[in-house]
Amino acid sequence: MPMKQRFGIALSVLLVLTTLMAACAPAAPAAAPNTGSTTDTQTTPAAEGPQGILTIGLTTDIAAVEGPYAPERQADNASRPMYDSLVHPEADGTYSPALAESWAVSEDGTTYTFTLRQDVTFHNGETFNADAVVYSWETYRQPEVTYASTWTIADKVEKIDDYTVAIATTEPNALLLAYIAGWAMIPPVAHAEMGKEAFAQSPIGTGPFMFKEWIKGDHLTVVANPNYWNKGYPKLAQIDFRFLTESATRVAAVQTGEIDIAPRLTAEEAATLEGVEGVNVINYPVDRLYYVAFNNMTSGIDTPIMDPKVRQALAYAIDTQTIIDSIFGGKATRGVGFVGVGNLGFDNAEPVPYDVERAKALLTEAGYPDGFSIGVACPGAGYPQINEVCQAIQGYLQEAGITVELELQEANAFWEREAKQELPPLFVDSWSLTIGEAYPRLLGAVGKDGAYANWSDEKIYALLDQIVTTIDIDARAKLYGELQVYMRENPPFVYLYFPQAFEGVATRVQNYQPRGAEQYYLWDVSVTDAQ
Amino acid sequence: MQRYILSSLAQSALVLLGVFVLVFFMVRLTGDPTTVMLAREASPEQRAAFREQMGFDRPLPVQFVDFVAKALVGNFGNSLHYRTPALPLVLERLPASLELAFVGLLMSIVIAVPLGLWGGARPGSWIDLLGRGVGLFGQTVPTFWLALVMIIVFAVRLGWFPVAGRSGWSSVIMPAFALGLPTMGRIVRLTRASVMEIMGEDYVRTARSKGLSARTIFYRHVLRNAAVGLISVIGIQFGYMLGGSVIIESVFAWPGLGRLAIDSISIRDFPLVQAIALFTSVVVIGLNVLTDMAYAFVDPRIRYG
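Those protein sequence lines, which keep their order, are chains R and B.
Be aware that the first sequence starts at 1338, since it is given in my numbering, and climbs by one per residue.
Be aware that the second sequence starts at 80, since it is given in my numbering, and climbs by one per residue.
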């Protein structure tokens, strides 16, 4: 066969294959434009009933749509609309009835008895009752579940009758309701029949939205639950979660109307959206504290940081406000402790001022007039602009006479070493909260057997034990106050800042109010141009 | 030719085995995935129980033997994060990556080959200058930057194409062009150089002196010989585009293998990383074998050698 013909055949085959590939591309969910009409996929064309499509550009691809397996916030946000728990967390830190109508606490504070709603069905029609609560707890407290820790806080979940369930702990636990608010109820019969793997790909809950479609790497679609127990909700007919890992792509997509919400933008990116037609920029404080941690359990032993005066000196030596102003455009709040604004018991103390002379004086008092050398580790690129923050800290400490050997480590390897106390005597990290109390991050970072604890202090352990077993909220607030004072006198950390989150939101979106841990509660969000 | 093909296949099998061993051990040397897979608040007891349940506490050689035994029957294990079998997850993403690579390669060939051929036959002409410009641009411009510029200009400002995602013909144009541009640069430069070299060969001079037309000389002698090297490059570049599209897939939110690879590496999803690495290796090695076969098909010196 002549050469020309062979080429022609090969080229034709290539063209046909390419055409077939493009034609086989699945259709993306219908884009919601900034103005104009949206496509309503649910039943009702009239003013009543759920209407409109909301499209959110998540920052990562999600690996799970089953709440307790969601490895990070984005997956958690995508799965939350499909589930309810027994109680719902309000923005002010209180809890309102959800699948439970009411609850009573035993005198010793160890048992919560919940009376369940009797008008709730799962998305597949299965009845929600006490069996579902017990089954959900048994299923998700297993070790392989990502967030088993929120379920194992309860030692026992017992059915009293079809619509009454008792949840018990061996010791009183002031945070039990907070953790129960994060539980996801699943249908026992359907879950057992489908099996874990199939359920993971097509989850069922009682939530305001039902699972419709998950194209991995592209989008997750949920649609309004027509039989939702909370009448009048949800407002939206459909939510599409698209996975746009590049922030620049999210910025572009919210401008063209391909997405309605572009989360996790930097301050500079948000500034480019100011004045863009059809887009609002919102920013809110994130309940994530960034800090410099000290190690007195392994690498920090016999180093200067064992002296509280040295640790206080480091706090004076770092100009955190200038770090906030220059790296974050002033959009962050100084941290004064592990308890932040809005957390129970926040004492609103003044932040440590930047004072190099005071830092040097403290170092001299501690016996280090010429400073010293020490190692600092940083989770390289693990958080927004953390490399720049760490380098700034290195520079400030240098001015105070402390020579820092800075290690920018790969983030996952860093966290693994942190858990094993294998990091240098100082390291930079952060911790967010999903509940309105600082106890979980205190426990994890500085508690006895805390997963990432590198600092040991018996007084802190004792105060934390008291906090978690004190049910009375005012008494607990006082204990947090006492702890904050102590953690400044003998600081296990230098408290840096709480950042702000920036999001681009289309003007058609109404009532969108993300919480401090970047959680979305979307059941009462609506869009203005829904027909 | 038979010996040539068999030799190619044998070498490919050895390369595949090497990739397999390397990927298995190197990924595990970064540490076990417990830290990234469990909640930060998980207690040390929960971490230990998780580690034991997943088998991460076993010695590496034991894990390797277990993995090989299962892989021989097509079982790569379950993705630790998706909790479904790893290989189907890879196959699920394959059409998207193939589409992107095919269209990118097609764009490269359609633009670069004619430019290279003309430029080589008419050096100094304005088309040659254009071709050289494309070659230089294609091989020097950072694709990440280009992708973002294309989004701003063609999606945001002009509204011609969607910003991101996979949704039909219009959504593949920008990412395919960005992915194909480096290949375009290589092909145009290689083709031009090949043609110029061949045009100076004795047999072309002889053909000219025999009175053959320029068109006949070009299509029967020059093009045929230039194609030999071009086929090799195209085959290799396709493999490169299939396996090296991480940046483009991230910027354009294209749901292909590249994004799956980077996500699974960052969360230490060992079974998925292994499945992706092995599968991509099989495809790339297979493409190289096919390229070798095409090479032999086109070049009679190999076919009858």
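None of these hints come from the bench; they were simulated from the model.
Given the structure is predicted, the values throughout are model-derived calculations rather than measurements.
Just so you know, not all the hints are guaranteed correct.
To be verified - Going by beta-carbon spacing under 10 Å, a handful of chain B positions derived as facing chain R: (1) Asn154; (2) Asp207; (3) Phe358.
Unchecked claim - Computed list of lysine-lysine pairs in DSSO-like fashion (alpha-carbon distance at most 27 Å, straight line): (4) Lys1553/R <-> Lys149/B; (5) Lys1668/R <-> Lys1646/R; (6) Lys1796/R <-> Lys1493/R; (7) Lys1568/R <-> Lys1553/R; (8) Lys1496/R <-> Lys1646/R; (9) Lys1533/R <-> Lys149/B.
Unchecked claim - Partner residues aside, some chain B positions facing chain R, computed with beta carbon under 7 Å: (10) Gly134; (11) Asp136; (12) Trp239; (13) Ala243; (14) Ile344.
For each residue, glycine too, the CB sits at the ideal point set by N, CA and C.
Verification of the supplied hints:
1. Asn154: Interface hint status for Asn154/B: violated (14 Å vs cutoff 10 Å).
2. Asp207: Violated, because the Cβ-Cβ distance from Asp207/B to chain R comes to roughly 23 Å (cut-off 10 Å).
3. Phe358: Because about 15 Å separates Phe358/B from the closest Cβ in chain R, which is outside the 10 Å limit, the hint is violated.
4. Lys1553/R <-> Lys149/B: holds (25 Å)
5. Lys1668/R <-> Lys1646/R: violated (30 Å)
6. Lys1796/R <-> Lys1493/R: violated (30 Å)
7. Lys1568/R <-> Lys1553/R: violated (32 Å)
8. Lys1496/R <-> Lys1646/R: violated (55 Å)
9. Lys1533/R <-> Lys149/B: Holds - the C-alpha atoms of Lys149/B and Lys1533/R are around 21 Å apart, at most 27 Å.
10. Gly134: violated (11 Å)
11. Asp136: violated (13 Å)
12. Trp239: Violated, about 11 Å.
13. Ala243: holds (5 Å)
14. Ile344: violated (10 Å)
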